[in-house]
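Going down the list, the sequences are from chains A and B. Just remember that my numbering sits 59 ahead of the position in the first sequence, which is counted from 1. Just remember that my numbering sits 59 ahead of the position in the second sequence, which is counted from 1.
Among these hints, one or two may not hold up.
No distinction is drawn between identical chains; accordingly, a pair holds when it is met within one copy or between any pair of copies.
[To be verified] Result set (SDA-like, lysine to any residue): computed pairs, CA atoms no more than 25 Å apart in a straight line:
1. Lys118 - Pro199
2. Lys118 - His162
3. Lys118 - Ala161
4. Lys118 - Leu160
5. Lys118 - Pro181
6. Lys118 - Gln164
7. Lys118 - Arg65
8. Lys118 - Ser66
9. Lys118 - Pro80
10. Lys118 - Trp81
11. Lys118 - Arg200
If you are wondering where the hints come from, they were derived from the structure by calculation, not from laboratory data.
Number of protein chains: 2
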Amino acid sequence: MDTAPRSGCAINAAVEVLGDPWAMLVLRDIMFGNRRHFRELVAGSEEGIATNILASRLKQLVAAGLLTRDDAGRGQRAAYSLTEAGIQVLPVMVALGNWGLAHRQGERRLRVRAELLRDGGPELVAAMIDELRELHLGVPRPDPGAPRASDQLRAAYEAALLDNASR
Amino acid sequence: MDTAPRSGCAINAAVEVLGDPWAMLVLRDIMFGNRRHFRELVAGSEEGIATNILASRLKQLVAAGLLTRDDAGRGQRAAYSLTEAGIQVLPVMVALGNWGLAHRQGERRLRVRAELLRDGGPELVAAMIDELRELHLGVPRPDPGAPRASDQLRAAYEAALLDNASR
Chain A
60 MDTAPRSGCA
70 INAAVEVLGD
80 PWAMLVLRDI
90 MFGNRRHFRE
100 LVAGSEEGIA
110 TNILASRLKQ
120 LVAAGLLTRD
130 DAGRGQRAAY
140 SLTEAGIQVL
150 PVMVALGNWG
160 LAHRQGERRL
170 RVRAELLRDG
180 GPELVAAMID
190 ELRELHLGVP
200 RPDPGAPRAS
210 DQLRAAYEAA
220 LLDNASR
Chain B
60 MDTAPRSGCA
70 INAAVEVLGD
80 PWAMLVLRDI
90 MFGNRRHFRE
100 LVAGSEEGIA
110 TNILASRLKQ
120 LVAAGLLTRD
130 DAGRGQRAAY
140 SLTEAGIQVL
150 PVMVALGNWG
160 LAHRQGERRL
170 RVRAELLRDG
180 GPELVAAMID
190 ELRELHLGVP
200 RPDPGAPRAS
210 DQLRAAYEAA
220 LLDNASR
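Model the full assembly from the supplied sequences, consistent with the hints where possible.
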């Protein structure tokens with residue numbers, strides 16, 4: 060943010076950056092979908108994000124210190140990575156997903172992952188944070204032999220889809 | 060919301076309502092400050108909310124089912140109450156406050172409460188939810204003899220201010 064915060068409140072400081080639906084959806088797709096390039100983020104968007112909105116939100120998230128942009132050079136596509144502050148948005152995502160699950164209708168295919176994150180509790184969130192640090196910051200996971208949180212999520216997601224299909 | 064959600068994702072459903080800085084600040088002031096009337100919400104706003112923005116956000120939060128508006132009759136000021144869905148935004152507020160504490164500068168006076176909520180953990184959040192249900196929905200707390208979460212927060216807040224002043 061270029062401007063001073065409107066107050067010294069921690070919640071205000073957070074919503075000045077995170078209080079934007081498109082910014083959160085971009086962070087969600089980078090976090091859970093590991094989409095690191097502009098084109099992937101456009102093509103995979105469930106909400107049909109417009110390219111001008113995506114461009115402005117990526118710029119704002121870089122300026123706010125939640126993403127870094129790695130410009131790979133002429134003709135190469137720039138890659139976006141989460142910073143530690145960006146990775147730490149995960150608990151906010153989980154809380155938002157829990158709220159959406161409880162208080163809004165959703166689509167089974169898209170609800171499964173939010174349900175897994177809710178039911179996995181703080182351990183799963185911690186494991187995902189370790190994995191995001193490895194992917195985005197190059198920090199090795201504390202226990203490299205442990206199953207990846209994303210594998211757990213993917214396996215349970217696929218099982219839920221099979222279970223759903225066989226009903 | 061009048062329109063269909065942009066996708067069936069639980070996080071998207073949440074940010075379509077909660078992904079707005081002013082909506083979150085209004086909910087924060089109702090939740091933590093127990094400000095129930097338009098004038099109180101304007102007068103107490105740390106961020107200097109404009110009356111037209113406050114009016115639009117109150118309307119949207121009522122339409123989205125997070126607040127109810129009790130029109131007390133001619134000449135009486137309308138009172139706003141949180142619904143259960145509105146009360147359940149508390150864990151999102153706590154997650155946002157934790158993020159703001161960790162990744163943004165703040166003001167000591169305004170940080171104390173976020174620190175208390177962070178350090179109080181799930182038990183304090185649960186106690187606050189019980190208290191909000193009592194205040195806003197008229198549901199008696201499960202243990203009416205237990206100290207109120209808001210008293211705990213206030214006491215610790217005052218102690219922190221005294222401690223701060225005596226340094």
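Numbers of unmet hints, in rising order: Violated hints (numbers, rising): 1, 5, 11; every other hint is consistent with the structure.
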